[in-house]
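Using the sequences and the accompanying hints, generate a full structural model.
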Amino acid sequence: SVVHVATGEKAEFPYDKLVLATGGIPIEPRLEGTNLNRVFRLNLPDDALAIREAIDHGNVKQAVLIGGGLIGLETAEALATRGIQVTLVEMLDQLLPAMLDWEVAAFLEKCLRGHGLEIRLGEKVTCLEGDGDGNVARVHTTGGVIEAQMVMIAIGVRPNVQLAKEAGLTIGATGAIAVNDRLQTSDPDIYAGGDCVECTHLLTGQKVFVPLGSTANKHGRIIGDNVTGGAATFPGIVGTTVFKVLDYNLARTGLTEKQARQLGHSVVTALVPGPDRAHYYPTAATLLVKLVADATTGRLLGAQVLGPGDAVKRIDVLATALTFGATVNHLADLDLGYAPPYSSAVDPLAHAANVVRNKLEGLAKALTPQQLKAKLDTDDPVVLLDVRIQGERAQLQLRDRRVVWIPLGQLRRRRDELPRDREIVCFCKVSQRGYEAQRILEGEGCTNVKFLDGGLVAWPYPLASGNGA
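If you count by the working numbering, then the sequence shown holds residues -9 to 459, one letter each, in order.
The set of hints was computed from the structure by calculation and includes no laboratory data. One should not assume that every hint holds.
[Unchecked claim] Derived EDC-like pairs: lysine to aspartate or glutamate, alpha-carbon spacing no greater than 16 Å straight-line:
(1) 363 - 390
(2) 419 - 382
(3) 349 - 284
(4) 365 - 390
(5) 248 - 83
(6) 363 - 413
Following this line, the structure appears as structure tokens:
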């Protein structure tokens, strides 16, 4: 039975097959003040026009975004381009915690701060305060008070399963409607698709809730086939997501390192920055690639790509590789298209795959940025070996009393300037020379040498400029 929303008129329609496509609905926080004017949920159809109206006529100079997810970040860009000071509040300790590993999220955070966004992590919003006229004026968090003439709430979406529950259909562990590979619910005459259903993750076999328009459209074709007598099936997803914020393209697919470890994988990773096309080409732009693979089998498990360069091209290759169970050897050997306007001779994906292969073979030995930072925050006697040339050092410096500067070309003849009884971590801009330095020093008899994964480009912590000590 149905009710006409405008008139209240009731009617009943018989069916042989029924399709549920009830979508998702925004998660509502339990906060005082969410009913104030200029507080928006971002998932509601009328919000976009209302936000524009408020900006055009409401003297909005400061806005607060509650939630560090995709929609929140995309909204941050839209507001920043209108000259509004944006503060993003996320209760967890990183942006996009379900999408990205910490070091990639920290790199994104560093980039966004550089564009003037204020980001407050690890803070929980406690209430919203009005100005006396019904308009929002301040946001109270566990870290203080933030002035704001507009507030956006974007803490996630949940599947709209109320009708399915009332119909007695099975709801899966994710909270979405459970369906089989033909997208039938627990009632074989009722199908469901889109943002209200759960999908199977092809890498894990587990059920996941990943609402995307691309998946919903695939569901629509399969349901259309099946309700008209076909036998189409939907195998599942690998969790591919892409989006743009300010000048940065961000993409991910498969499992993060954290997720892979939680599932019991022995993991090997690579953090590799580089140009998205030939470095001498005028439009070349940087990409940071994080590759995650199984350390036992070499099978690809996931990837994250971030930067102003063409991230989506790379993530689509990786999503395809994951779908067909590729290893890092397969990825390194793919016959990808090459011409200077489109790629470097060794594509960033092949470079990342080669780094993983070198690690699996025991050739490359690295510390992640977090691991090195932990050493720098203590009295660890590690030696930081900067193998860049003088001109590069004038641009960016990792300032620490343990830094020793020996350009790579001088390393063999100046080997005795380095202590033999301490750990040495070599670094350069992207750590390609850092890896070469590691191999040179091992050839000279050093037994505890590593390089910094990703080099200074991927270092998410503050760096200094100039040659000062």
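Hint compliance check: list the failing hint numbers for this structure, sorted ascending. Violated hints: none at all, because every hint is consistent with the structure.
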